[in-house]
Amino acid sequence: MSTKSRIVRTLAVLAGASMALTACGGGGTADSSSGAKDGGTVTYWSMWKVGEAQQKVLASAIADFEKETGNKVDVQWQGRTNTKKIIPALNTNNVPDIIDGSNANLDIALGSTGQALPMTDAYNTEIDGKKLSELIPAKFAAVSNIKGKDGQPWMVPYSLTSDGIWFNAEKSPDLVTNPPASWDDFISLLDKEKAAGQTPIAADGDIAGYNAYWFVSSLIHSEGPGSFNKIATDKTGASWDSPAVLDAAKKVQQLVDGKYLIDGYNASKWPAQQQAWATGGADLLFNGSWIPTETGTYAAPGFKYASFAFPSVASQPSMARADFTGFAIPKNAKNPAIAQKLAAFLMNKKNQDDMGTVAKVLPVRADAAISPELTAVKKNIDDAKEIYLGNDGVSAPGYLEKNFNPTDDLLFLGKIDAGEFVSKMKAETIAYWKAQG
Amino acid sequence: MSASTLKRTRRNPAPATKSEQGRGGSSIERQRRKLLVPFVGPAFLFYTVLFIVPSIAAVWISLNEWAGSGPMTFVGFKNYVKVFQDPLFVKSFGNTLLLLFVVGAAIFILAFAMTLVLRDMAAKKIARNVIFFPHLINALVFGILAGFIFNPGGMVNSLLKPLGVTEPPAWLAQDNIFPLIMATMVLTTTGYFTTIIMAGVDRIPPYFYEDCALAGATALQRLRYVILPLTWDVFGTCAVLWTISSVKIFEIIWVFGGSSGAGLPPTQTWSVAVYTYVTAFSGMSTPAYGAATASAIISLALVTVLVVLLRRAMRRDAIEF
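Those protein sequences? They're chains A and B, same order as listed.
Counting from 1, position 16 in the first sequence corresponds to residue 16 in my numbering; the numbering is continuous, with no gaps.
Counting from 1, position 128 in the second sequence corresponds to residue 565 in my numbering; the numbering is continuous, with no gaps.
Do not rely on the hints blindly, as some may be mistaken.
DSS-like, lysine-lysine: derived pairs with alpha carbons at most 25 angstroms apart [stated by the list, open to error]:
(1) A:K85 with B:K685
(2) A:K349 with A:K67
(3) B:K515 with A:K235
(4) A:K349 with A:K131
(5) A:K385 with A:K131
(6) A:K259 with B:K598
(7) A:K426 with B:K528
(8) A:K434 with B:K528
These aren't lab readings, by the way, just hints derived from the structure by calculation.
Just so it is clear, the structure is predicted and the values come from calculations on it, not from any experiment.
Given these sequences and hints, build the entire structure.
Pasting the structure below:
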């Protein structure tokens, strides 16, 4: 055989191989569209993984949707990384028709860059005899960062998370009926517990986000929603000089100086301290509304979950933190109409009840059922005149991760005092915005 | 047989071959040249598409401000200036250098010390496997183990209690995590390089050792005059491998602090790789792809410079034996 024919043969083999590879790729797409004969197919990238309670609720709701509408939903249970994966995917053809995530994550991935479709159709859909826009409490919609530049919301929230100061109602039943009404009340409660030989507060100090709850909540409760966002985005840094900011930091320092926090909170790995709390090692835990499900598996027998809200300040209206989890549709989705329908369908009463009672999260619809552990949190949200987002909706690139959280850690872990914290944060904020240009 | 015979045959090929090459190469050579394109072509193509093009794209992205999707704004070298002015990047860069040089030095000192011991040891095969073992374990395991061992109610403190230590150190305090990570890196990587260097040492013909024994050389002299010169190329390769992998150290830091990956590790422990990841993918704020790729390009430049310098510094005439 001549050399020439050998080369030709080699090339032919290579060409054949690459064609086989292409065929494999093509096969996949052909498969996913072949089931579309009754209606359309939507691709859904879910933030839940197979086996999670929310996944089970959504999977059964999606099955109902397919049966009722004849549309097909191609679900990928990706887990929380879905909102990270979508960012590079937006530059390709492989874009899901619908995706869910927390408002903070979706805002970063789609909302703030104008890559999300307005969900107007979903909000106008009638569910259980009412328009969806009427079913979602107006104060939730008022939270600015789920609205695009055109004023239309780009997200349909289906559940929310909030926070509370958690305790065991079996051990401290009086806290259910008579929670501390102010910060001073709260401190005297801590003193009382300490005097009784108990550890007042558990905290996993290695989670910067949890540490930040204390300062951010103190500030927002005394200065109102938006106050933390204001000092974070003040390019001059001058707002950090406000006495109210120092006061909020002093409250955090008070917790450290008063030795109210569990031993070793500054040198442990999550979830060591919330485990200690759930097994009776400390009385209180300031954490999210997911605590009953997250600590449920290892809580002491007979543990009865209850919570009270972060102490309010008399001069301020009632307020509650809410972070939404919901659906959004990328601008270049192929099947946005069905995706809007799906988002609306998942908001019917049955699915919202399942969210509350089966997945044990807080549903968005005010009339949905909830699990008893979340009663106080739900009441706090229902009563709240104002809603604020976690970290007050601060999303400037890297500000929380690189500037605020590390400095706040120093304060909460007792390495600097309130005054040092404020002057350091002022300098960090000025440097940050200077670098942003 | 002597080493010089081997040397001569390798360096001076048979004269017949030489004359054929003069006439345009042997038939084997010609065949080889013709097959170059079909065989190297696809690999080159894949390499270009999967590595070179993305690298060039990364350089381009690093000159822009970009949230990962949506509009890109060209900003020139602003991202690089921004990154270098960020004290946190400087700190992360310092940590990367600590990992590279301090951990690297510890690893190679230990690895050579072990090759001295392991050569003459009884049951050396088992010992080698035991040393290599930590390298097989996923970094996540060490992250979780650290909690078990060093938590306030963990193993170490439980063991110290009966000894009368009532106020043990705060093992997992933010400032202590990086030294712990360095120690873990030494533990997991030493075995890997010991194995490679041992393979080099095993190639050394036994009569050199017999010579040493006859001359009354100590173990250190044996290392200095026999083992080091004869494994120099192996050691050089290991040094390059370590340089490349140390600049990329990420997952051990990610899982060691910040709840085994559920949150961010404390900034005291960040390496450049962690800094890059957080800048692009923290999920807590708008991604800054421009700054993240700038930081990635800087570490690529660091690796390139260090590897070139290392190759220069380590260059010796290969000793063949």
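Now the hints, each set against the structure:
{"no.": "1", "hint": "A:K85 with B:K685", "verdict": "21 angstroms, holds"}
{"no.": "2", "hint": "A:K349 with A:K67", "verdict": "17 angstroms, holds"}
{"no.": "3", "hint": "B:K515 with A:K235", "verdict": "18 angstroms, holds"}
{"no.": "4", "hint": "A:K349 with A:K131", "verdict": "13 angstroms, holds"}
{"no.": "5", "hint": "A:K385 with A:K131", "verdict": "23 angstroms, holds"}
{"no.": "6", "hint": "A:K259 with B:K598", "verdict": "22 angstroms, holds"}
{"no.": "7", "hint": "A:K426 with B:K528", "verdict": "20 angstroms, holds"}
{"no.": "8", "hint": "A:K434 with B:K528", "verdict": "19 angstroms, holds"}
Against the hints set out earlier in the document, no violation occurs for any number.
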